[in-house]
Structure formats: structure tokens, C-alpha cells
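Residue numbering for the sequence shown follows this note's numbering, beginning at 5 and increasing consecutively.
These aren't lab readings, by the way, just hints derived from the structure by calculation.
For every residue, glycine included, the Cβ atom is placed at its ideal position computed from N, Cα and C.
Fair warning: there could be bad hints in the mix.
[As the list claims (entries may be wrong)] Pair ranges (Cβ atoms, derived):
(1) P24 to Q91: 16 to 24 Å
(2) A100 to T121: 36 to 44 Å
(3) V81 to E12: 28 to 36 Å
(4) S117 to N28: 30 to 38 Å
(5) D113 to Q135: 18 to 26 Å
(6) R99 to T27: 17 to 25 Å
(7) R139 to H78: 21 to 29 Å
(8) R48 to P24: 24 to 32 Å
(9) R6 to A154: 18 to 26 Å
(10) A84 to N28: 21 to 29 Å
(11) E20 to N80: 36 to 44 Å
(12) L152 to E13: 16 to 24 Å
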Amino acid sequence: MRTILIAEEGERKLVEQYLPGETNILVTGVGALNIIRALRDLPRDTELINIGYAGSANYPIGTLVEVTECRLHHPNVTYAEPVLPLQPIDDLFVRALQPVKAVCYSNTDFVLSSPYTDCVFDMESAYIAAQGFTRLAALKIVSDNLSLHAYHELTNGVQ
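Given the sequences, and given the hints that come with them, work out the whole structure.
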């Protein structure tokens, strides 16, 4: 059985819309520390799908994105760090929707501007992937174009 990870209760509607029938849902909380605490005891071979909202500099709001790899967002400094590849989503319904495939950059705060395009930004995916799960996929829905106000209007999410 797979586990669906959402950061906030409000993202449960995304599970119903994009992964219908899934009932094993874990609400982790937003951000790195909540992710670490929520997932620390899960076996590393647990099949996980992280679904949630993400920002993007250029993808239209509502764009469905299958995350191919995760990285941290730190545009002001460069240092060596791993790129964390994710598994493709093995779900016929999602594949039929033909999501865009892109990199997800995770940050410790809401991203309000970035030179990066053709990607999405969240606050969880890289922290999930860094824990060494071997069966991890992620599906993100663009909620905003790097606007906290637009994010709140759509999601009524984290303050």
C-alpha cells in the first residue's frame, strides 16, 4: 500500500482530484522540520507520493507537474550538493492528464522571486527525498506565480 503525503489538510482535495480512491494519507505539516518529524519512522521502502501546491515563475496557475528531481533553492550561493531524482508516477489517471515534467526546488520559506524558470518551488519535496526513500514520486499543482497573496487566495494555506 502506498502513502500519500500532503503538507496541509487543505491539500486533501488534490488527492481526491488527482489520485482518486487513495485513503492512506499522511498530513506532514509544512517545511523541513515537520517533514523530518513526520517521516522519521517510516520504512525507507514505503511507496510515497507527495502531492501539493507549488509556485512557479512561469507555469500557469493550475498546471499539473510531475516532479523529476528535487534540489534546494539557494540562488545567492553555489555549493556542491546532490540532485535527488524521483520515481515516475505509476498512475494511469495521472499519466492520462499528461503533466509537465520538471524540477522542484524546495526552500525554507515561500519563494517570492527567482531567476529559475520551467520548474516549481515548494517547502517539502527535497527534504522528503533527502531522507532516502527509494519509492518516492511527487505531483505538484501550480498555485501561484511566486505570489503569497495568490497562494492564499487559491489554497487558504499556511499563513
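- request: Hints the structure violates: just list their numbers, smallest first.
  value: 2, 9, 10
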